[in-house]
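**Student:** Now for the letters of each chain:
Number of protein chains: 2
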Amino acid sequence: MPDEIQLTPTSYIVLGLLSMFVGEATPYDLKGMASASVGQFWTLPHSQLYAEPARLARAGYLTENQEQSGRRRKLYSLTELGRDALENWLGVLTPEPYVLRDPALLKLFFGAEAHTLAEGQLETHRLKLAEYEALAQHDAGTGPRGPWQALELGIRHERETVRFWSEHSQTTEREPPI
Amino acid sequence: MPDEIQLTPTSYIVLGLLSMFVGEATPYDLKGMASASVGQFWTLPHSQLYAEPARLARAGYLTENQEQSGRRRKLYSLTELGRDALENWLGVLTPEPYVLRDPALLKLFFGAEAHTLAEGQLETHRLKLAEYEALAQHDAGTGPRGPWQALELGIRHERETVRFWSEHSQTTEREPPI
DNA sequence: AACATACCATCCGAAACGGACCGTTGTCAA
DNA sequence: TTGACAACGGTCCGTTTCGGATGGTATGTT
Numbered sequence: 006m007p008d009e010i011q012l013t014p015t016s017y018i019v020l021g022l023l024s025m026f027v028g029e030a031t032p033y034d035l036k037g038m039a040s041a042s043v044g045q046f047w048t049l050p051h052s053q054l055y056a057e058p059a060r061l062a063r064a065g066y067l068t069e070n071q072e073q074s075g076r077r078r079k080l081y082s083l084t085e086l087g088r089d090a091l092e093n094w095l096g097v098l099t100p101e102p103y104v105l106r107d108p109a110l111l112k113l114f115f116g117a118e119a120h121t122l123a124e125g126q127l128e129t130h131r132l133k134l135a136e137y138e139a140l141a142q143h144d145a146g147t148g149p150r151g152p153w154q155a156l157e158l159g160i161r162h163e164r165e166t167v168r169f170w171s172e173h174s175q176t177t178e179r180e181p182p183i
Numbered sequence: 006m007p008d009e010i011q012l013t014p015t016s017y018i019v020l021g022l023l024s025m026f027v028g029e030a031t032p033y034d035l036k037g038m039a040s041a042s043v044g045q046f047w048t049l050p051h052s053q054l055y056a057e058p059a060r061l062a063r064a065g066y067l068t069e070n071q072e073q074s075g076r077r078r079k080l081y082s083l084t085e086l087g088r089d090a091l092e093n094w095l096g097v098l099t100p101e102p103y104v105l106r107d108p109a110l111l112k113l114f115f116g117a118e119a120h121t122l123a124e125g126q127l128e129t130h131r132l133k134l135a136e137y138e139a140l141a142q143h144d145a146g147t148g149p150r151g152p153w154q155a156l157e158l159g160i161r162h163e164r165e166t167v168r169f170w171s172e173h174s175q176t177t178e179r180e181p182p183i
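Just so you know, the protein sequences line up as chains A and B, in that order.
183 is the number that the working numbering gives the last residue of the first sequence; the numbers go up by one with no jumps.
183 is the number that the working numbering gives the last residue of the second sequence; the numbers go up by one with no jumps.
It is worth saying that the hints were derived from the structure and are not from the lab.
Quick caveat, the model's predicted, so the values are computed rather than measured.
Pairs count within a copy or across copies, as identical chains cannot be separated in the list.
Taking lysine to any residue pairs in the SDA-like style, the calculated list, with each CA pair at most 20 angstroms apart, reads:
#1 Lys36 - Leu49
#2 Lys133 - Leu98
#3 Lys133 - Val104
#4 Lys133 - Pro100
#5 Lys133 - Thr99
#6 Lys79 - Glu69
#7 Lys133 - Pro102
#8 Lys36 - Arg106
#9 Lys36 - Val104
#10 Lys79 - Thr15
#11 Lys79 - Gly65
#12 Lys133 - Glu101
#13 Lys133 - Leu105
#14 Lys133 - Pro152
#15 Lys133 - Ser42
#16 Lys133 - Arg161
#17 Lys133 - Glu165
#18 Lys79 - Glu29
#19 Lys36 - Thr48
Based on the provided sequences and hints, a complete structural model is requested.
**Tutor:** So this is what it looks like as C-alpha cells:
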C-alpha cells in the first residue's frame, strides 16, 4: 500500500546513490557517499538522509530491513518501483534552470565594495577550484562518466568565478593562463 | 525592547531594498522591487516579504506604521539600527561560497545522457542569457554600480553554462564567437 | 576498568516554501 | 450606472528544509 508521495530532488539523490554504489545501504552510508560526491554541489543536512529513505520506503520505492544484531541499523535498497522512478527521471528533459545563491553576489548587488568582497571570495573559490581539479585529475577516464561531466561543469563555474573576482580585486591580480 | 533575532539573507534583502530605493515601502512594494531586481538570482516567496519586515520591526531594525486611511497598509522604513546592520553586513568579508543547485547537473551526475539534457538546458539558458544581456545594455552606466556588477557575474555564469551544454549537444552546436 | 574515538541516529525549534484564498480599488464597456 | 474584470494588497497555513544539539553504541587502547 504505497502512499502517494511527491519525489523531490532529495528523493532522487537517495535513489541515485543507492543505484550508483552498493545494493544496500544505511542512512549513515548514504551520508558518507553524499558528502563525498554529490554533496559538492547539492548539499543537504544529514538528517534528511534519515528521513527521506524512510519516506521512500513507506511509498514503496525502497525496501527497509533492520539488522537483527547489535546496532539494529536500517538497510535500504531499491525496489523495482524505485529503479523505474530513477530511470524515468533521468530520461525526462528538464527545462528548469539552476538556482544560484551567492551571498557575495547579494552584497555586491547592495553596494558592497567589489575589491573587499574579492579578498574573501578569491581565496574560497581558488581553493574550491583546486580541489575540483585534483578530483578531476584523479578519476579521469575511470568509472562512470556522469560524475566526471558534472564535475567539469562545476569547474567551469568556479573558473569563471575566480576570473570575475580577480578582475575586481584591488591589486588586479590575474589568473595565470591555463 | 528589541528581541534578539538572527539576520538571514532574507533580512538583508529587505534592509537592502529599503535602503536602495525609497525611504518607506509596503511589503507589496518590496515584492515588486525584489522580483524586478534581486529576484533574478535570489528568489523568495512573496509571503516572506510580509513576514520578514514584521519580524525585523519587532526587533527594532525597521519602524512600522500603518496608514490611517483606506487600505491601512503597513509602511516600513529603516531605523538607525537597521541601517547600521546593513552597513556592517556589507563591510564584512564573506568567505562563504555560493550554493549552486542545478537539477540538470544532478541528472548528469547520476547518468543521464548529456545530449538529452542539453536540449532542454540550452533553450532555457540561452533565453536567460539574452534577458540578462538586454538588461545590462539597458542600464549600462546609469544608476548604482552594484546591480550592474552583480548582473555581470550572472551573465558570465550563464555564458559558461550555455557553452557547456552546447559542447554536449548532439549536433555539436557552437555558440557564435562573442 | 577507564577512556577515547569513531560510528550511528533521532529530535526539535526555527525558518523557508509556496500556494490557496480573500478583500479592495480602479477602470472600462455595456 | 452598474457590473465585470483586472490589478492591487495581504494573510494564512500545511509541508519541507535546515542545521545543530543531543545521546546512545561498538571498538579498540592504555
